[in-house]
Amino acid sequence: MINLSIKVNKMVDQNEKELIERVLQGEKSAFREIVVNYQKLVNHIAYKMIPQETERDDICQDVFIKVYQNLGSFQFGSKLSTWIGRITYNRCLTYLEKKKPLLFEDFAEKNQTLDSLQSDVFDPEKILLSSDLSVRIRSEINLLPIKFKTILSLYHLEEMTYDEIGKIMKLPSGTVKSYIFRGRKMLKDRLLQKYNQEDL
Amino acid sequence: MHLSDKQIQAFIESPENINVELKAHLDSCSSCQTEVELYKSLMLELKQEKIPELSGDFVGNVMNSIEPLPSPEIIQPIDKWKWLNIAASIAFVMLGVITMIYYDGLQVFSSVYSWFNEIENQAVSKLSESSSSVSTMLGVDLGTILFIGMVLGFFGVLDKILSRKKISNLKIFSI
Chain A
0 MINLSIKVNK
10 MVDQNEKELI
20 ERVLQGEKSA
30 FREIVVNYQK
40 LVNHIAYKMI
50 PQETERDDIC
60 QDVFIKVYQN
70 LGSFQFGSKL
80 STWIGRITYN
90 RCLTYLEKKK
100 PLLFEDFAEK
110 NQTLDSLQSD
120 VFDPEKILLS
130 SDLSVRIRSE
140 INLLPIKFKT
150 ILSLYHLEEM
160 TYDEIGKIMK
170 LPSGTVKSYI
180 FRGRKMLKDR
190 LLQKYNQEDL
Chain B
0 MHLSDKQIQA
10 FIESPENINV
20 ELKAHLDSCS
30 SCQTEVELYK
40 SLMLELKQEK
50 IPELSGDFVG
60 NVMNSIEPLP
70 SPEIIQPIDK
80 WKWLNIAASI
90 AFVMLGVITM
100 IYYDGLQVFS
110 SVYSWFNEIE
120 NQAVSKLSES
130 SSSVSTMLGV
140 DLGTILFIGM
150 VLGFFGVLDK
160 ILSRKKISNL
170 KIFSI
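If you read the sequences in order, they're chains A and B.
Counting along the first sequence from 1, when you hit position 199 you're at 198 in numbering that gives the first Met the number 0, and nothing is skipped either side.
Counting along the second sequence from 1, when you hit position 84 you're at 83 in numbering that gives the first Met the number 0, and nothing is skipped either side.
One or more of the hints may lead you astray.
Said to hold, decoys possible - Once the Cα atoms are required to be at most 20 Å apart in a straight line, the calculated SDA-like pairs of lysine to any residue come out as:
1. K46/B / R189/A
2. K65/A / L95/A
3. K27/A / N120/B
4. K49/B / K27/A
5. K65/A / F57/B
6. K193/A / Y38/B
7. K184/A / M42/B
8. K39/A / D56/B
9. K176/A / A9/B
10. K46/B / P144/A
11. K169/A / N36/A
12. K184/A / D4/B
13. K193/A / T33/B
14. K49/B / E157/A
15. K184/A / S64/B
16. K184/A / F57/B
17. K39/A / F57/B
18. K184/A / E36/B
19. K184/A / K5/B
20. K193/A / V92/B
21. K5/B / S40/B
22. K176/A / S64/B
23. K46/B / S133/A
To be clear, the hints were calculated from the coordinates, so they are not data collected in a lab.
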């Protein structure tokens, strides 16, 4: 079983190598395959890190342009997905750093908090009244701090290993594991603060 | 004693690894079972979370915004002997230039020439039968030989640099 998995991974690596080689030889359509294969991953990271939907598309586009321009420097030291994930994470961090003062200005003008801004998408009243556990959990996931929800998403949704997530976010594997544990506990505690255990 | 959050999370991820004692407690404790169910719901939701998709023509927009990469050029691998060759040529030119700067060029030539002549004369006197000198044999004076050597060395370096093709993007595959 393990041997089979190693073989499959090697085949994937080989396919990726060939794909990259084709892109570098000027075959633009090969890059389309890369975009199609990894747009979900890029979108997931951006969605967790950037609250504004309008900006997200541009950021994801920027990420793929960067990937295209720097593909020649990719040395296969990691999976292509990890490398693209890292570029996405860095791009989102840069965006957040640049936008930080602006974001605060926006909130101040509208007399909003970050939580209330996010609640625009998830109407808190509706959520409290909702008997659907799934809706309640989803709203709490969105209120988690950025690092926690990004790590949880990469682990559960993208099914990445601690090591891969660590490479993307420049964290040791042990720290990633700890974030995952603490994130899930935080979610549980927040739910129990808002709802009775019997209602959950 | 109830199971800790860590133990519950670990149990959900790999139930086969739970020890007998904890398993026995879990089977009989409704509070821990409720916690387990809550964590299971959380993890399921995290796994099935629906993320809004990117705009319909996202792929097309990306493809329209990228410029074609410059066409790849074939690399001519430069082996260690070629590098040695270059290094030797550079050393030769440098030696010539430094000597020229340190002494007056013509003075060097004349002193080397006279030194060479002296050796030559000694050799000639020893081989009295032979009347030809090294210079005569070569047909040119030593200064000219050194100058030609320097020029050749310079062109050697220039040739090695210019003949090296630009490293293409395919470099990573050749390593």
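For each hint, the structure was consulted:
At most 20 Å may separate the alpha-carbon atoms for a hinted pair to count; K46/B and R189/A meet this at roughly 19 Å. Of the supplied pair hints, the one linking K65/A and L95/A holds, its CA atoms being roughly 18 Å apart against a limit of 20 Å. For the suggested pair K27/A and N120/B, the alpha carbons sit about 74 Å apart, so the restraint of at most 20 Å is broken. For a cut-off of 20 Å, the pair hint linking K49/B to K27/A is broken: about 31 Å separates their Cα positions.
Annotation: proposed proximity of K65/A to F57/B holds, straight-line Cα distance about 15 Å (limit 20 Å). Using a Cα cut-off of 20 Å, the hinted pair K193/A and Y38/B holds, with the two alpha carbons roughly 16 Å apart. A C-alpha spacing of about 11 Å is found between K184/A and M42/B, which places the hinted pair at or below 20 Å, so the restraint holds. Of the supplied pair hints, the one linking K39/A and D56/B holds, its CA atoms being roughly 14 Å apart against a limit of 20 Å.
Distance restraint check for K176/A and A9/B: the Cα-Cα separation of roughly 11 Å lies within the 20 Å cut-off, and the hinted pair is therefore satisfied. Taking the CA atoms of K46/B and P144/A, the gap is near 18 Å; set against the 20 Å cutoff, the hint holds. Between K169/A and N36/A, the direct Cα distance comes to roughly 23 Å. Violation of the 20 Å bound is thereby established for this hinted pair. For the suggested pair K184/A and D4/B, the alpha carbons sit about 7 Å apart, so the restraint of at most 20 Å is met.
For the proposed pair K193/A and T33/B, the alpha carbon gap of about 17 Å is at most 20 Å, so the pair holds. A distance of roughly 12 Å separates the Cα atoms of K49/B and E157/A; the hinted pair therefore holds under the 20 Å criterion. At most 20 Å may separate the alpha-carbon atoms for a hinted pair to count; K184/A and S64/B exceed this at roughly 43 Å. Under the criterion of a C-alpha separation no larger than 20 Å, the hint pairing K184/A with F57/B is inconsistent with the structure, at around 36 Å.
As the CA atoms of K39/A and F57/B are separated by approximately 11 Å, the hinted pair is consistent with the 20 Å bound. With a C-alpha separation of about 13 Å, the suggested pairing of K184/A with E36/B holds against the 20 Å cut-off. For the hint linking K184/A to K5/B, the alpha-carbon distance of about 9 Å falls within 20 Å, and the restraint holds. In summary, the hint linking K193/A to V92/B is not supported, as the alpha carbons are separated by about 82 Å, beyond the 20 Å threshold.
For the hint linking K5/B to S40/B, the alpha-carbon distance of about 16 Å falls within 20 Å, and the restraint holds. Restraint check for K176/A and S64/B: the C-alpha separation of about 38 Å exceeds 20 Å, so the hint is violated. The straight-line distance between the Cα atoms of K46/B and S133/A is roughly 12 Å, inside the 20 Å bound, and the hint therefore holds.
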